Each structure stands twice: as structure tokens, then as C-alpha cells.
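Participant: Heads up: the protein sequence lines correspond to chains D and E, in order. 1 is the number of the first residue of the first sequence in this note's numbering; add one for each residue after it. 244 is the number of the first residue of the second sequence in this note's numbering; add one for each residue after it.
Treat the hints with caution; some may be incorrect.
List of simulated lysine to any residue pairs, SDA-like, C-alpha gap at most 25 Å [said to hold, decoys possible]:
| id | chain 1 | residue 1 | chain 2 | residue 2 |
| --- | --- | --- | --- | --- |
| 1 | D | K95 | E | Y445 |
| 2 | D | K99 | E | N455 |
| 3 | E | K543 | D | G84 |
| 4 | D | K121 | E | L551 |
What the hints contain is simulated information worked out from the structure, not anything from laboratory work. None of the values given here were measured: they were computed from a predicted structure.
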Amino acid sequence: MPVVLENLGKRFGDGAPVLDDVNATIAQGEFVALLGASGCGKSTLLNIMAGLEPPTSGALEVPSDGAAFMFQDAALFPWLTARGNIELALQLADKSSTKGSRRARATELLELVHLGGAGDKRPHELSGGMRQRVALARSLAQDRQLLLMDEPFAALDAITRDLLHDELERIWKETGRTIVFVTHNVREAVRLGQRVLLLSSRPGRVVAEWDVTEEHRTDAGAAGELTGVITRRLREEIRRHAK
Amino acid sequence: MPSNPITTEERTLPVTESKEHITSPSLKGNASELRDLEAGLDNLQSDSRRKTGIDWKRVLLPVAALVVLILAWQFYVSLEFKRRDLVPGPLDVLTQFVTMWGEGKVQEAVWTSLQRGVVGFLISVVIATPVGLILAQVAPLRRAFGPLISGLQVLPSVAWVPAAIIWFGLTDATVYFVVFMGAIPSIINGLISGVDQIPPQYRSVGTVLGANRLQMALQIVLPAALPGYIGGLKQGWAFSWRSLMAAEIIAVGGTIGFGLGSLLDQGRLLSDMTIVMSAILLILFVGILIEILVFGPIEKRLLQRRGLLAGSSR
Chain D
1 MPVVLENLGK
11 RFGDGAPVLD
21 DVNATIAQGE
31 FVALLGASGC
41 GKSTLLNIMA
51 GLEPPTSGAL
61 EVPSDGAAFM
71 FQDAALFPWL
81 TARGNIELAL
91 QLADKSSTKG
101 SRRARATELL
111 ELVHLGGAGD
121 KRPHELSGGM
131 RQRVALARSL
141 AQDRQLLLMD
151 EPFAALDAIT
161 RDLLHDELER
171 IWKETGRTIV
181 FVTHNVREAV
191 RLGQRVLLLS
201 SRPGRVVAEW
211 DVTEEHRTDA
221 GAAGELTGVI
231 TRRLREEIRR
241 HAK
Chain E
244 MPSNPITTEE
254 RTLPVTESKE
264 HITSPSLKGN
274 ASELRDLEAG
284 LDNLQSDSRR
294 KTGIDWKRVL
304 LPVAALVVLI
314 LAWQFYVSLE
324 FKRRDLVPGP
334 LDVLTQFVTM
344 WGEGKVQEAV
354 WTSLQRGVVG
364 FLISVVIATP
374 VGLILAQVAP
384 LRRAFGPLIS
394 GLQVLPSVAW
404 VPAAIIWFGL
414 TDATVYFVVF
424 MGAIPSIING
434 LISGVDQIPP
444 QYRSVGTVLG
454 ANRLQMALQI
464 VLPAALPGYI
474 GGLKQGWAFS
484 WRSLMAAEII
494 AVGGTIGFGL
504 GSLLDQGRLL
514 SDMTIVMSAI
524 LLILFVGILI
534 EILVFGPIEK
544 RLLQRRGLLA
554 GSSR
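The whole structure should be built from the sequences, with the hints applied where relevant.
Facilitator: What follows is the structure, given as C-alpha cells:
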């Protein structure tokens with residue numbers, strides 16, 4: 001089932017609209033990078049898609065079972081172990097599941113993010129990258145077709161981020177999820193997305209989109225060129241607000 | 244990106260290989276190499292230090308402080324500024340204590356008070372926890388009753404003793420009533436302030452994970468608020484214990500048993516400072532013991548598991 005956003009608008013109170021007339025269609029199994037400068041309403045759009053906030057105008061169509069969500073910081077519960085966090089997500093997603101089945105599934109998910117040995121550690125004992133991997137496993141535990149990611153790797157160091165890009169891509173291929181990935185990093189958008197949507201700032205609106213083709217993925221030169229084009233367009237968008 | 248050495252290396256790879264995995268040329272290597280890199284980072288960045296063994300400083304320092312205080316007491320008494328029956332020395336109090344122990348009075352008083360304090364406190368917890376959770380979760384209720392609960396916490400629960408005696412007479416019910424009025428508001432307040440300090444993101448995560456209202460309250464809000472809640476329990480215990488002593492001092496006789504407060508009052512009636520001092524020290528000692536044996540370990544374990552203990556002076 002695709003995700004459809006139609007003339008979506010959002011304003012908080014009487015303020016200027018944060019989002020205005022956002023239109024987009026995201027096919028099932030597609031990996032879309034949603035790019036924009038800080039403060040352009042990317043997170044608000046994601047929150048609306050996740051059902052955390054209602055839109056003020058327009059309509060949206062999302063899978064009826066809702067969406068899994070991954071936040072910028074891991075947001076793991078500190079009173080639970082890595083495994084416990086995943087098991088809680090499994091329990092809340094499927095009330096009828098048994099303890100044994102949850103445990104087995106959590107082990108599988110930990111293996112999937114290469115954290116098989118760290119299940120009994122608590123969040124504060126893990127590095128930032130490991131916490132994000134647990135958070136990724138937790139969002140996969142929800143078993144929803146749509147996965148929304150709000151700059152999940154923004155706070156990580158370069159090597160860890162590169163590794164997680166590979167890992168996310170592998171998991172996307174293995175699980176066939178529809179992923180909407182919000183970022184302000186052009187390289188990251190080109191690296192991950194099959195399609196890059198550029199969101200303007202104040203009000204947020206989809207102003208441009210690029211397809212990331214096979215060629216961009218295999219040829220560093222082509223990828224660099226596309227990154228350059230998108231970066232110029234993004235800067236243009238930001239300069240409009242300089243006045 | 245073009246200056247990335249890994250990228251230039253990738254360009255020399257044969258074209259046929261790139262067909263197998265469609266990834267951008269940001270980071271390459273064979274799968275096991277990448278896994279090793281990842282595992283290396285994991286080991287470098289995660290914290291696995293563990294402390295073991297008994298820390299003798301924790302035991303010796305408080306004991307040393309106690310010895311110093313007793314010596315100072317003895318020194319003051321030996322200067323003989325006051326009459327010995329008004330300010331007895333440590334040895335006089337010890338002698339009295341041993342005598343009362345022999346009569347079984349100490350055991351009876353401690354047991355009666357402790358039993359009432361613990362039972363009263365536990366019932367308070369059972370009442371205050373759901374009330375606190377509901378007040379913290381339902382905004383209109385909290386606005387309505389919040390000020391009243393805060394007020395009740397400030398009101399000394401001893402103020403309820405006359406009312407309790409009129410309603411329940413000199414029975415155990417009087418004592419328990421006063422304990423409840425002391426402990427319940429402070430446990431409720433502790434839980435509410437614990438809930439207030441939960442990072443808002445935990446609730447968002449709960450919503451996203453599909454928690455309903457009850458699951459949110461029991462599986463996310465309550466554990467998240469646990470540090471504040473334990474603080475409230477500690478304070479609630481302190482209020483129970485104090486209220487209990489006050490009630491026992493004021494309400495003596497009837498079917499009310501013989502507790503530490505009663506012992507204190509008996510010392511006053513007999514004008515025997517050694518009994519009074521023994522009772523005060525016993526009350527203090529029970530308070531310290533509960534902290535060391537019950538709340539201290541719970542709190543420490545809780546903070547340790549959440550990684551909140553690093554750098555603290557506990």
C-alpha cells in the first residue's frame with residue numbers, strides 16, 4: 001500500500017504555516033530521502049505521517065496499521081536492557097504473543113543489527129551507534145510496512161554513520177520495508193534514497209525531486225555530481241530566507 | 244567525497260562486481276571486513292567496567308564518625324557543666340539500655356513501632372501509587388486536587404491526632420490514621436514530580452509503539468518515573484515514622500500498644516533522661532537501619548542500572 005500525501009498543511013496555533021500544500025506519493029517498498037534545511041518542518045511532516053500530530057489541512061493515506069518510527073536519539077528506555085527494549089516493542093505490537101516467542105524474535109532482530117552479544121547490556125553501556133542499532137531493531141520489531149526515520153544517524157561519527165548506512169540498506173533489502181528517511185545531509189540522502197525529495201523552508205513544501213539511479217550508486221563521479229546539484233538547489237532554498 | 248581514498252580505490256574495481264550489490268561508493272570492503280570494523284568500534288566505544296568487592300571506606304568512615312561523636316559526648320559530660328541526671332553520659336545510657344533490654348521493654352517497643360510503621364507505610368504505598376498515577380496522567384484531576392495534596396504534605400500530620408482520638412479513641416486506628424495522613428500525600432507528590440520529569444520523548448515512543456493508556460501508565464510512565472517515585476517513598480517512610488512517633492507520644496493508653504514513642508513519654512513522666520536518650524537513639528537507629536538496609540540498596544541499584552551513578556558522591 002502506497003503512502004499518499006495530498007495538499008497537506010500544518011500550522012501551530014495562529015503562527016505561520018509550518019507545512020503548506022505538501023504533495024507526495026511513496027510507493028510500497030520504496031526508500032525515499034526527505035531532504036531539507038533545519039527548521040523546514042521535516043520532523044513535523046514525519047510526526048504527521050506517524051500519527052503523533054494531526055494535520056491542519058489536506059489528507060494523507062498511510063497503511064492502516066500505522067508506522068514504525070525511529071528518532072534522532074535512540075530514545076531507548078534506560079530501565080530495560082537492549083533485549084528488553086525490543087521485547088517491549090514486540091509485546092505492545094502484538095498483545096497475544098508469548099514470552100518465549102518474543103524472546104526468540106528479539107534474538108533474531110539483535111542478530112540482524114549485529115548485536116547478538118549485547119542483548120543484556122543497558123542503553124548507557126552501549127555506544128551511540130550501538131544504541132541506534134538497537135533502536136533500529138526495535139522499530140523493526142513493530143513489524144509495520146512503513147518505517148519513518150527522523151535523522152537517526154545525525155549525531156554519530158563518520159565511520160559509524162557509513163557503517164549504519166550499509167546496514168540500513170542491507171536491512172531494507174532483506175525486509176522490503178517502505179522507508180521515509182529525513183535528513184539535512186545531502187550526501188546521506190543520495191547515499192540511501194532511491195528518490196530524494198527537497199522540502200523548502202517556511203512553509204515546508206516539496207519543491208524538487210531527483211531519482212537516484214543505478215549509475216549514481218556505482219559511479220562515484222555521477223554520485224558526486226548529483227550531490228553537487230542537490231546541494232546547490234538546497235543552498236538556493238536557504239538563501240531565499242537571508243533577505 | 245571525491246577526495247575519499249576508499250572511493251578512489253573502489254573506482255578501480257571491475258564493473259561486473261558492482262552489479263551484485265547496488266550500494267553507493269561511500270564505504271566498501273567485503274562483508275566480514277565491515278563486520279570486524281563494526282565489532283571493533285563496538286568494543287572500543289562501549290563501557291564494560293565493573294566494580295567488585297566491598298568498599299571498606301563506606302563502612303569505616305561512618306563508624307569513625309560515630310566514635311568521634313560519642314567521645315565528644317563523653318568529653319562534654321566529664322566537664323560536668325550540668326547535673327548528671329539532666330545530661331547522662333554514654334555509659335549511663337548504655338546501662339539503662341541493657342537493663343531495659345533485659346526486661347524485654349526495648350524489644351517490645353521497637354517491634355510494636357516498627358510493625359506499625361511498616362504496615363502503615365505499605366498500606367500508604369498501595370493507596371498512594373494508583374492515586375498518584377491517575378493524578379499525574381489526568382490533567383483536570385491534577386489541577387483540581389494538586390494544591391490540596393501539596394497542602395496536605397505541608398500540614399504536620401500530628402495536627403490530625405486530636406481528631407483521630409475523637410473519632411477512633413485510643414486504639415491502633417488512631418495511630419494508623421495519623422501515619423496515612425503523613426505518608427500518603429508525600430508519596431503521591433513524589434510520584435507526580437517523578438512523572439513530571441519524564442522526557443517527553445518516552446511518551447512519543449510509547450505512542451509510536453502502540454501502547455494504550457493503561458500500558459502507557461504501567462509499562463512506560465511508572466518505570467520512567469521510578470527514581471522520583473523512590474524519592475517519594477523514602478520521604479513517605481520518613482513521614483510515616485515521624486507521624487507514628489508523634490502519635491505514640493500524644494496518644495498513650497487504651498488499646499494502643501507500647502511503642503518507642505510511648506517509651507519516650509514514659510521517660511519524660513519518670514524524669515529519667517537515660518530512658519529518654521535510649522528511646523531517641525533507638526528511634527534514630529531504626530531510621531538509619533531502614534535507610535541502609537532498604538532504601539539505600541534499592542536506590543543505588545536503580546541509579547546504577549540506568550547509568551546515573553557515575554561521578555556521584557554516594
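Participant: Please go over all the hints and tell whether each is borne out by the structure.
Facilitator: Taking the hints in turn, this is what the structure says about them:
Restraint check for D:K95 and E:Y445: the C-alpha separation of about 20 Å stays at or below 25 Å, so the hint holds. A hinted pair counts as satisfied when its Cα atoms are at most 25 Å apart, and D:K99 with E:N455 qualifies at roughly 19 Å. The straight-line distance between the Cα atoms of E:K543 and D:G84 is roughly 21 Å, inside the 25 Å bound, and the hint therefore holds. Restraint check: the Cα-Cα separation between D:K121 and E:L551 comes to about 15 Å, which is no more than 25 Å; the hinted pair holds.
Checked against the numbered hints given earlier, the structure satisfies every one of them.
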